[in-house]
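**Q** Generate coordinates for the entire structure from the input sequences, incorporating the hints supplied.
The listed protein sequences correspond, in order, to chains V and Y. If you're matching positions, the first sequence starts at 1 in our numbering and goes up one per residue. If you're matching positions, the second sequence starts at 1 in our numbering and goes up one per residue.
Each hint should be verified, as a subset may be incorrect.
[Claimed, not checked] Partner residues aside, some chain Y positions facing chain V, computed with beta carbon under 8 angstroms: (1) 54; (2) 55; (3) 56; (4) 58; (5) 64; (6) 68; (7) 72; (8) 166; (9) 223; (10) 226.
[To be verified] With a Cα cut of at most 30 angstroms, we get these calculated DSBU-like pairs of lysine-lysine: (11) Y:43 x Y:193; (12) Y:193 x Y:142; (13) V:110 x Y:71; (14) V:95 x Y:142; (15) Y:74 x Y:39; (16) Y:24 x Y:104; (17) V:97 x Y:39; (18) Y:74 x V:111; (19) V:110 x Y:43; (20) Y:74 x V:95; (21) V:108 x Y:71; (22) Y:43 x V:108; (23) Y:2 x Y:120; (24) Y:2 x Y:18; (25) Y:157 x V:108; (26) Y:2 x Y:157; (27) V:95 x Y:180.
Rather than coming from a laboratory, the hints here were simulated on the basis of the structure. Predicted model only: the values in this text are computed from it and were never measured. A virtual CB, placed ideally from N, CA and C, is assigned to each residue, including glycine.
Each chain is listed here by its residues.
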Amino acid sequence: MTLTLRVILIICSLMSFFLCITKIKQSKLKIENSVVWMIGSVILILMSIFYERVEWISIKLGFIAPVNFVFFVLIAFLLIEVFLNNIQISIQNEKIKDLNHYIALREKEKKE
Amino acid sequence: MKVLLIVPAYNEALNIEKTIKDIKDNTDYDYVIINDCSKDNTKEICQKNEFNLINLPINYGLTSAIQVGMKYAKQNGYDIVIQFDGDGQHQAKYLKSLVEEIQKENCNIAIGSRFVTKRKPISMRMLGSFLLSIAIKLTTFKTIKDPTSGMRAFDKKSIEEFVNNTSLTPEPDTLVYMIKKKMKIKEVQVEMKEREFGESYLKPWRSIQYMTNMFFSIIFIRAITRKNK
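**A** Structure, rendered in structure tokens:
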């Protein structure tokens, strides 16, 4: 891993970490939702600080370059996040639909 | 037997009066129009004519409209629910045969089918219908000749199923689900007209989407439905 990449990774992860914290303070992000992102940015910081460890693991696992391992971890993390988000969207969709039905039936009763 | 007709309507201002007149002239069943937050004046027309109307405040699609109708039917203790499109394609004179089929044959779902005694014409739409029939045959070993027909009658047991399982759509994959749940499905010969005004749901891109959704749903989800204990 080159020094530039390490610096970029550290900066990006620090930025996302602080973005999370400020957004929680402004109460735009719920704490449950932000924990994942904080863990994610902490992992990034750790990976860029202890890069010898990352190199060792990636060679053991058979990655050609250690940076590939970093990308692999990131992509896996994002995929899981997107999937969980998708589930959340479906659940909320269902809840809005129920409310929609409830309001419609309620109004119908009122009229009668 | 209390029978309720669910008439889902989205932007059907041009057709709705005629549809309701057809229902009133040919049957003595109750009906309810589900206005799925139409952008045109469907709501005003229904209110002016004092039709029995449920107004959904948000547009949520056909599935949601049918579900709210099912909830209404359950609340008011109806025995049979028939889905009846508000676009003028369905004819009310055939409704009686669907109700009779449920009563006589003691089945749970009766489908108003265009192809029980008649043969399918050859067109792109019928190719889709044919493929769906095959998918249903492969997964359930039952023959449904007109799976895409929108004219379906449901008895109390299947209404219950609709109210409890919010993933059920008024589409062919639900038929597979119902067959897997040991419901009896019968088909009755009916005629349908072409729609006169307004646009159909099925545009080329949407019909491709529709077919993919149906196939995935039938083969991967509905086919492994667990039977009732």
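**Q** Does each hint fit the structure? Answer for all of them.
**A** Evaluated hints:
A hinted interface residue such as residue 54 (chain Y) counts as satisfied when its beta carbon comes closer than 8 angstroms to some beta carbon of chain V; here the least separation is about 5 angstroms, so the hint holds. Taken as an interface hint, residue 55 (chain Y) checks out: its beta carbon lies about 6 angstroms from the nearest beta carbon of chain V, inside 8 angstroms. Satisfaction of the interface hint for residue 56 (chain Y) is found here, the shortest Cβ-Cβ separation to chain V being roughly 5 angstroms, below the 8 angstroms cut-off. Hint status for residue 58 (chain Y): holds, given a least beta-carbon distance of 5 angstroms to chain V, under 8 angstroms.
Residue-level restraint check for residue 64 (chain Y) holds (minimum Cβ-Cβ distance to chain V is 5 angstroms; threshold 8 angstroms). A hinted interface residue such as residue 68 (chain Y) counts as satisfied when its beta carbon comes closer than 8 angstroms to some beta carbon of chain V; here the least separation is about 4 angstroms, so the hint holds. With 8 angstroms as the threshold, the beta carbon of residue 72 (chain Y) comes within range of chain V, its nearest partner Cβ sitting at about 6 angstroms, so the hint holds. Interface hint status for residue 166 (chain Y): upheld, as the beta-carbon distance to the closest one in chain V is roughly 6 angstroms, under 8 angstroms.
Contact between residue 223 (chain Y) and chain V, as hinted, is not supported at the beta carbon level, the nearest pair being about 21 angstroms apart and thus beyond 8 angstroms. Among the interface hints, the one on residue 226 (chain Y) is violated; its C-beta lies about 21 angstroms from the nearest C-beta in chain V, farther than the 8 angstroms criterion. Pair hint residue 43 (chain Y) plus residue 193 (chain Y) holds up; C-alpha atoms about 24 angstroms apart against a cutoff of 30 angstroms. Proximity of residue 193 (chain Y) to residue 142 (chain Y) is assessed by CA-CA distance (about 27 angstroms); at most 30 angstroms being required, the pair is judged to hold.
For the hint pairing residue 110 (chain V) with residue 71 (chain Y), the CA-to-CA distance comes to about 16 angstroms; that is within 30 angstroms, so the pair holds. For the suggested pair residue 95 (chain V) and residue 142 (chain Y), the alpha carbons sit about 35 angstroms apart, so the restraint of at most 30 angstroms is broken. Using a Cα cut-off of 30 angstroms, the hinted pair residue 74 (chain Y) and residue 39 (chain Y) holds, with the two alpha carbons roughly 28 angstroms apart. Taking the CA atoms of residue 24 (chain Y) and residue 104 (chain Y), the gap is about 24 angstroms. The hint holds against a cut of 30 angstroms.
A distance of roughly 19 angstroms separates the Cα atoms of residue 97 (chain V) and residue 39 (chain Y); the hinted pair therefore holds under the 30 angstroms criterion. A distance of roughly 19 angstroms separates the Cα atoms of residue 74 (chain Y) and residue 111 (chain V); the hinted pair therefore holds under the 30 angstroms criterion. Using a Cα cut-off of 30 angstroms, the hinted pair residue 110 (chain V) and residue 43 (chain Y) holds, with the two alpha carbons roughly 17 angstroms apart. The hinted pair formed by residue 74 (chain Y) and residue 95 (chain V) meets the criterion: a straight-line CA distance of about 20 angstroms does not exceed 30 angstroms.
Simply put, residue 108 (chain V) and residue 71 (chain Y) have alpha-carbon atoms about 12 angstroms apart, close enough for the 30 angstroms limit, and the pair holds. The straight-line distance between the Cα atoms of residue 43 (chain Y) and residue 108 (chain V) is roughly 13 angstroms, inside the 30 angstroms bound, and the hint therefore holds. For the given pair, residue 2 (chain Y) sits about 34 angstroms from residue 120 (chain Y) by alpha-carbon distance, which is inconsistent with the 30 angstroms threshold. For the hint linking residue 2 (chain Y) to residue 18 (chain Y), the alpha-carbon distance of about 23 angstroms falls within 30 angstroms, and the restraint holds.
Of the pairs offered as hints, the one joining residue 157 (chain Y) and residue 108 (chain V) holds, with about 25 angstroms between alpha carbons and a cut-off of 30 angstroms not exceeded. With a CA separation close to 14 angstroms, the supplied pair residue 2 (chain Y) and residue 157 (chain Y) stays within the 30 angstroms bound. Taken as a hint, the residue 95 (chain V) and residue 180 (chain Y) pair is honoured in the structure, with Cα atoms around 27 angstroms apart against an allowance of 30 angstroms.
Of the numbered hints stated above, those contradicted by the structure are hints 9, 10, 14 and 23, listed in ascending order.
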